[in-house]
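Going down the list, the sequences are from chains A and B. With the first letter of the first sequence counted as 1, position 172 gets the number 172 in our numbering; the numbers rise by one all the way through. With the first letter of the second sequence counted as 1, position 192 gets the number 192 in our numbering; the numbers rise by one all the way through.
Hints in this document: simulated from the structure, not taken from any laboratory. Treat the hints loosely; a few may be bogus.
It does not matter which identical chain is meant; a pair holds if it fits inside one copy or across any two.
Quick list of in silico lysine-lysine cross-link-like pairs, DSS-like style, CA-CA up to 30 Å [what the hints assert, rightly or not]:
#  : residue 1 : residue 2
1  : K269      : K393
2  : K126      : K393
3  : K387      : K97
4  : K394      : K412
5  : K160      : K393
6  : K237      : K387
7  : K298      : K237
8  : K269      : K298
9  : K275      : K258
10 : K126      : K275
11 : K258      : K429
12 : K412      : K393
13 : K106      : K393
14 : K298      : K258
15 : K429      : K269
16 : K97       : K305
17 : K275      : K237
Keep in mind it's a predicted model, so treat the numbers as computed, not measured.
2 protein chains.
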Amino acid sequence: MEPAVRGRRGSTELRPLLSGERGAQFGASASSPSALAVAAVLPAGGCGERMGVATPKQFCRVLGRPLISHTLQALERVCWIKDIVVVVTGENMETMKSIIQKYQHKGISLVEAGATRHRSIFNGLKALAGDQAYCRLSRPEVVIIHDAVRPFFEEDDLLKVVRAAREHGAAGATRPLVSTVISPSTEGCLDHSLERARYRASEMPQAFLFDVIYEAYQQCSGYDLEFGTECLQLALKYCHANAKLVEGSPDLWKVTYKRDLYAAESIIKERISQKICIVMDMKEEKEHAGYLLETVLKNELNHVKVTSVVPCHDGSNIQHIILEQCYSFVCMNVMTTDFQNTQKLLGMLEESNLSVLYPVVVVSVHFLDFELGPLSQKMESLMWIRKFAVEVKKRNILLCGLIINYSQDEQKLQESLRQGAVIIAALIKERNSALLGQLLVA
Amino acid sequence: MEPAVRGRRGSTELRPLLSGERGAQFGASASSPSALAVAAVLPAGGCGERMGVATPKQFCRVLGRPLISHTLQALERVCWIKDIVVVVTGENMETMKSIIQKYQHKGISLVEAGATRHRSIFNGLKALAGDQAYCRLSRPEVVIIHDAVRPFFEEDDLLKVVRAAREHGAAGATRPLVSTVISPSTEGCLDHSLERARYRASEMPQAFLFDVIYEAYQQCSGYDLEFGTECLQLALKYCHANAKLVEGSPDLWKVTYKRDLYAAESIIKERISQKICIVMDMKEEKEHAGYLLETVLKNELNHVKVTSVVPCHDGSNIQHIILEQCYSFVCMNVMTTDFQNTQKLLGMLEESNLSVLYPVVVVSVHFLDFELGPLSQKMESLMWIRKFAVEVKKRNILLCGLIINYSQDEQKLQESLRQGAVIIAALIKERNSALLGQLLVA
């Protein structure tokens, strides 16, 4: 269970997060704890034709999980969003329901998409308007409109547009143009090019006072609903809301092409590999073996936070680390034939829900002096890793073994530790299930 | 040595490639074999501030090699481009020289960049103008302007703009807009949004009659040189050349952000992993072992071309495959203790220049009945792989071992073959040097 998710939707109190500069301007509604209701609409009705694949891009898998689930996860982290309305086509309704169930998303309402993006958003807004008898949702003060295919945003990105929307009625994130924009003539030649510095790319998220954007959609023409692409423009045209443009972070980009899926997967892999926990062996005789590896890992892996922990009797300190969403574990075992430490960790990981969202990597490390006996005989006893790996794979846990040469020769030991660190880094970075159950030698 | 590169710059005969539809219109110059001289200017003076890293993006490494080298490689494949002028800042001149030397690029001229993109391109054009006494380059009829940070284009993309430039004086690739473009007011609010369908993103490559674009740069104002971003606009404004807009492929995108580097690396990995060659063991007693693996690989790896070859006496058929730029080899060895086949292949790979541009993966496969003796003892004899792998790594060859359970039990055999195929696919796809010298078990 993700702690940030537990208990969300319970509190709708945005005030502390929006405190300070604009608190006073918000008036009575903001000073009442539960008054500032914020909801989000996530249009996900696109067919992803630009992706060049049959699956709509919001359902394409990134690290084994549909892209839209990554976006929902990011929205769910924000505890002051009360309702999330996902707009999907009728034919994808069941797919969406099973995604919500499998990845344990909470507080999501599903609404059927229209034929265009604007019609889909309008359907989402109708569900929030509170004027339909069958609908359990209540009308929010502010609504965020985001994209199912933009999974990378922080709470701060949402806060910025929500704050600006409360002041201006409408607000949206923008980014500098990457390419020069040109206007073609009817003959397919250059008519003119735009001065790049004077224009911006309109990105998501956007936020609106609910009454403003709902009114705009109700007023807007059939042509706009059919061919328009810009919600801010509707708010301006039909409600004279001067949409505030907010500088967005580069991470707000939209997954559009197949290459964007590659990029998204790499970014997510990088993010969940930022923390490594080394679980020390309580019975450690060769006392400093684990600490030596810790030192080398810290040197070899810049930008990664390496921590170590000696499991306490009830394992509560390991559980604490699991709750903090660490997805990469290095588990020390003093004897090559002793797997208790790894087994204990795997048990705790299986009990937790940590691996529902991302594959968890566990590297079971065994120290062994290569010169004190044939490597092969000791390796035999480690073949259990293969069997165990197949078991835990069912829970999205990727187990590998790693033997480090605990040589008396200091230079050989250091070389093996360094090599081990490189292997650990690769296993954690790639999270490739093809390698599970392998016994690697450093 | 890349065959497509050998002998390039020798022929400047574009005519056969441009034949047909427009051959007659080209007039006398086109009918003379060497008359249609095409050159390319590659501005590479940017500092890559949007990347968020210290290294300018054109020098960032993609699969171990600077991005600009990938772009140069793509240009070099096109035999009818006579000269390539790369424009770099003075401080990166030595870096660029060493890249050209290390990756064996041919026919490249280096020119120093100006303070802006337009000034840099102008410097590149001056070097091609043929009016400078010291310069060995001759004035081309058509000049292609491309970006150092757009490595993904095909010969056809260049042909399209060159053809159009000959007809219209100027031409450039464009793509649909991904985001809506908006114009901000001076207060940072939305002034208006552009109708997305009526605008295009201007991409590269572009092509020009040399005289047109050179004249345009000579005439153009200091303001244009300082703040302009669009070469097509200069050709229109100063030479009244009606630049033809050509639909570009989605691959023409510009590497701008760090995520684009991730995407570029994934795309290149995918491209060089499209072909796998299985090198059979001539002495094969268990005759069909290699063919069984071939069948399973073909089933498991869709979209990958799997071929097999039994090495002939002088190895010329293997050399032929190397010349065809296959970067992934699976090498069968009948006995676990017999590495002759793998050793022979490694020797040939080392002699070739194949691994100069990309890491070459070699998986040394050994069949072994797990039930006919302890796995560990046989594995001992395979530890040579570790030693050998370190040797060939110096030549950018990544060697791994793989044991397949040659069980009498048909089901176990098939399971092991399938597992082996998954491991081979992962090794080839990831090309991760951290795993070299490992002995994996399927």
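Comparing the hints with the structure gives:
1. K269 to K393: Result: close both inside a copy and across copies, 18 Å intra and 26 Å inter.
2. K126 to K393: neither (43 Å within a copy, 62 Å between copies)
3. K387 to K97: neither (34 Å within a copy, 53 Å between copies)
4. K394 to K412: between (37 Å within a copy, 20 Å between copies)
5. K160 to K393: Neither. Shortest intra-copy (41 Å) and inter-copy (50 Å) distances fail the 30 Å Cα cut-off.
6. K237 to K387: For K237 and K387, neither the intra-copy (64 Å) nor the inter-copy (71 Å) Cα distance is at most 30 Å.
7. K298 to K237: This pair counts as neither: shortest intra-copy Cα distance 56 Å, inter-copy 58 Å.
8. K269 to K298: Classified as both: same-chain Cα gap 19 Å, cross-chain 29 Å, threshold 30 Å.
9. K275 to K258: both (28 Å within a copy, 21 Å between copies)
10. K126 to K275: Result: close neither inside a copy nor across copies, 43 Å intra and 52 Å inter.
11. K258 to K429: both (21 Å within a copy, 16 Å between copies)
12. K412 to K393: between (34 Å within a copy, 20 Å between copies)
13. K106 to K393: Answer is within; shortest intra-copy Cα gap is 25 Å, inter-copy 50 Å.
14. K298 to K258: between (35 Å within a copy, 24 Å between copies)
15. K429 to K269: So K429 and K269 pass the 30 Å test inside a copy (6 Å) and across (16 Å) alike.
16. K97 to K305: neither (36 Å within a copy, 38 Å between copies)
17. K275 to K237: neither (48 Å within a copy, 55 Å between copies)
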